[in-house]
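J.: Taking the hints into account, I'd like the entire structure generated from these sequences.
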Amino acid sequence: MKGWYHWRPINPRLIEDLLKTESSDMLTIDYLSVIAKTSEERQLWRLLLDSRRKDYILLKQVYSLQTGTSPEVDQEVFQKPESYEQGMHAQIRQSGHRLSLLEQAYQEAGDERIRQVLQLLIHQHRYEGMVFRRLTALQ
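Residues 182 to 320, numbered by this note's numbering, are exactly what the sequence shown covers, in order.
These are computed hints drawn from the structure, not numbers from a lab. Hints may contain errors.
To be verified - As a list, the in silico SDA-like pairs of lysine to any residue whose alpha-carbon atoms are at most 20 Å apart:
1) Lys235 - Ser245
2) Lys235 - Val312
3) Lys241 - Leu195
4) Lys241 - Ile303
5) Lys201 - His306
6) Lys201 - Val312
To be verified - Pairwise CB distance ranges (calculated):
7) Arg194 - Ser220: 38 to 48 Å
8) Glu289 - Gly310: 30 to 40 Å
9) Gly291 - Leu319: 39 to 49 Å
10) Leu246 - Glu221: 35 to 45 Å
11) Gly291 - Lys218: 16 to 26 Å
12) Ile216 - Ser245: 33 to 43 Å
13) Arg223 - Ser251: 43 to 53 Å
14) Ser220 - Pro193: 36 to 46 Å
15) Gln320 - Glu197: 26 to 36 Å
16) Gly277 - Leu239: 12 to 22 Å
17) Gln224 - Thr248: 28 to 38 Å
18) Arg314 - Pro193: 26 to 36 Å
19) Gln320 - Thr250: 39 to 49 Å
20) Arg227 - Val258: 15 to 25 Å
Source: prediction; values computed, not measured. Note that CB positions come from ideal geometry on N, CA and C, so glycine has one too.
T.: Laid out in structure tokens, this is it:
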């Protein structure tokens, strides 16, 4: 059928998994920006904090568009990293996990507007990878 379009929603649990780390994620990144050793590191963490803040806003919008409701998820509890390095490596691992969830959501999305937002989030996480590489190089 020419012109036939099938709208397919994303599994809401996928977005919920991304949203449940918002509180601990934001607090951890903010904490790492405070204990960073150099002004360049602090600036890079602030860039990441701003990026994540925007990511979570977009993810909530995607969730609302998909389900018609606002997301309600149990937030993970913030745990202060044992060290700056441990916190940085945990954020790097989490960023990789988030990227794989975003890519999975992109594959599931049938709505072109949602796909565009997810593609933006995927590109933003790839950019974060460059920021993490710079932070690692500064160690």
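J.: Work down the list of hints and note, for each, if the structure agrees.
T.: Hints and how they fare:
1. For the proposed pair lysine 235 and serine 245, the alpha carbon gap of about 16 Å is at most 20 Å, so the pair holds.
2. Of the pairs offered as hints, the one joining lysine 235 and valine 312 holds, with about 16 Å between alpha carbons and a cut-off of 20 Å not exceeded.
3. Between lysine 241 and leucine 195 the alpha-carbon distance is near 12 Å, which keeps this suggested pair within the 20 Å criterion.
4. Proposed proximity of lysine 241 and isoleucine 303 is supported: the alpha carbons are some 15 Å apart, at most 20 Å.
5. For the suggested pair lysine 201 and histidine 306, the alpha carbons sit about 17 Å apart, so the restraint of at most 20 Å is met.
6. Proposed proximity of lysine 201 and valine 312 is contradicted: the alpha carbons are some 23 Å apart, above 20 Å.
7. Between arginine 194 and serine 220 the beta carbon distance is about 40 Å. The supplied range of 38 to 48 Å therefore holds.
8. Range check, glutamate 289 to glycine 310: about 23 Å between beta-carbon atoms, so the 30 to 40 Å window is missed.
9. A hinted range of 39 to 49 Å for the beta carbons of glycine 291 and leucine 319 is consistent with their spacing of about 42 Å.
10. With their beta carbons about 38 Å apart, leucine 246 and glutamate 221 fall inside the hinted range of 35 to 45 Å.
11. Distance hint check: the CB atoms of glycine 291 and lysine 218 are about 46 Å apart, inconsistent with the given range 16 to 26 Å.
12. For isoleucine 216 and serine 245, the hinted distance range of 33 to 43 Å is satisfied, since their beta carbons lie about 35 Å from each other.
13. For arginine 223 and serine 251, the hinted distance range of 43 to 53 Å is not satisfied, since their beta carbons lie about 33 Å from each other.
14. Taking the beta carbon of each, serine 220 and proline 193 are about 41 Å apart, inside 36 to 46 Å as hinted.
15. About 34 Å separates the C-beta atoms of glutamine 320 and glutamate 197, a value consistent with the hinted range of 26 to 36 Å.
16. The hinted window of 12 to 22 Å between glycine 277 and leucine 239 holds, with their beta carbons roughly 19 Å apart.
17. The given range of 28 to 38 Å is respected by glutamine 224 and threonine 248, whose C-beta atoms sit roughly 37 Å from each other.
18. About 33 Å separates the C-beta atoms of arginine 314 and proline 193, a value consistent with the hinted range of 26 to 36 Å.
19. Between glutamine 320 and threonine 250 the Cβ separation comes to about 43 Å, which falls inside the hinted range of 39 to 49 Å.
20. With their beta carbons about 23 Å apart, arginine 227 and valine 258 fall inside the hinted range of 15 to 25 Å.
Of the numbered hints given earlier, the model fails hints 6, 8, 11, 13; all others are met.
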